[in-house]
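Chemist: Keeping the supplied structure of chain A fixed, place chain B upon it in accordance with the hints.
Protein sequences, first through last, are from chains A and B. Its first residue numbered 29, the first sequence is counted upward by one per residue in the working numbering. Its first residue numbered 150, the second sequence is counted upward by one per residue in the working numbering.
Heads up, some of the hints might be wrong.
Straight-line distance between alpha carbons at most 30 Å, and here's what the computed DSBU-like set of lysine-lysine pairs gives [as the list claims (entries may be wrong)]:
| id | chain 1 | residue 1 | chain 2 | residue 2 |
| --- | --- | --- | --- | --- |
| 1 | A | LYS188 | A | LYS214 |
| 2 | A | LYS295 | B | LYS225 |
| 3 | A | LYS230 | B | LYS244 |
Calculated from the structure, these hints are not laboratory results. Quick caveat, the model's predicted, so the values are computed rather than measured.
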Amino acid sequence: MSIVGCDSRGYVKPEDIGDEIRENTKAIVVNHCSNVTGSVCAFREISQIANAEKVLLIFDASQSIGLVPIDVTNLHIDIVVFTGHKALYGLPGIGGLWMREGLELHPLKVGGTGVKSESLYQPEERPLRYEAGTPNVPGIVSLNAGLDFIMMTGTETITKRAGYLYSMMTNTLQDISGVELYGASKGTMHAPVCSFNIRGIKPAEVGYMLEHSFGIVVRTGLHCAPLIHQALGSYPDGSVRVSASYFTRDQDIEYLGCAIKQICRVKGIS
Amino acid sequence: MTVVDVRDIEDCFDGFFVKEVLFSEPITREAIYHLGQGADLQYFPDFPRPFFRVDRPDFVLQGVEGNRTARVTLGKENTAQSLATFERLLEDYQKEKEEQVRPHNINCTSP
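This is chain A alone, in the form it adopts within the complex (with noise of 0.2 Å):
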């Protein structure tokens, strides 16, 4: 396996993907959407890449699906795994892959399916043949109510109002001096993630007073996704993510502002 770096603003180059392919590279896996930036990846170069060499291109668009259209049609995108309690609004715990019609996986798992009980083996079909044991039903029914949620808003006013968050959220951070955000660069597509720093507090203090304090909660460290942070030059008290959601009020970033702004204050950093 070869492990692709990315630069300090948290892109991935598409070239350096495909410098690292040999000839028994099976496939490309990479992230849509980055959880710790928002930054959204070159999807299309890649797309063409893993096309031309005639590999597997999986993606994990758990941060993404729901607020960036995947066109799964037109691009050269062979798996897409995501979780359903990010923008999809599911509970935590269900999750889904979508594989290109032909493509056949060993299943993880074998077992009781609830159909065919006269059988001694998995389903050959889809989605049996995946889908082994007791199903999550409170988990597929939160899902389903995510999905109508989102179908009755429509994915463009969804993703719209994504790039409003984020570009709000980046520049209410951007303007407080002693802040230090990470990933943003205007002109790219990103959901509305972004991570950020106070120049001399950890972000784990930070992360503490904005929870106990200000009612904001926010996620601290690492992210499980160590390597970014030392692109980034966040390794290894990491950052402090932000995320917004289709649910997020203006004020809501306002007060966010006031928050991180009084912080500073208090500490004596501008």
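Modeler: Showing chain B alone in chain A's frame:
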């Protein structure tokens, strides 16, 4: 005020040394000042919910006035000893508090 429970905090990086402590009662301003005596105390009463941070050689305590929980970062080399030091400081505070409320000059001997 005593420590009722100490829990590990799930964290990708330093969870082994950062603990959440549960107190028997909400942490007061007086308790914060007691813990901060002779240490580096930061206390921000103007926050919507006042935040404090106490830096001692053995541990760093962060919390919010009025909460029953706080976060303590313990020394990596001597985690158990650091926690014991923290608990002893709280016990001292508790004794001091009880001393203040105990009535004086009462003869408790039997007639």
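Chemist: May I ask which of the numbered hints given earlier this structure violates, with the numbers listed in increasing order?
Modeler: 3
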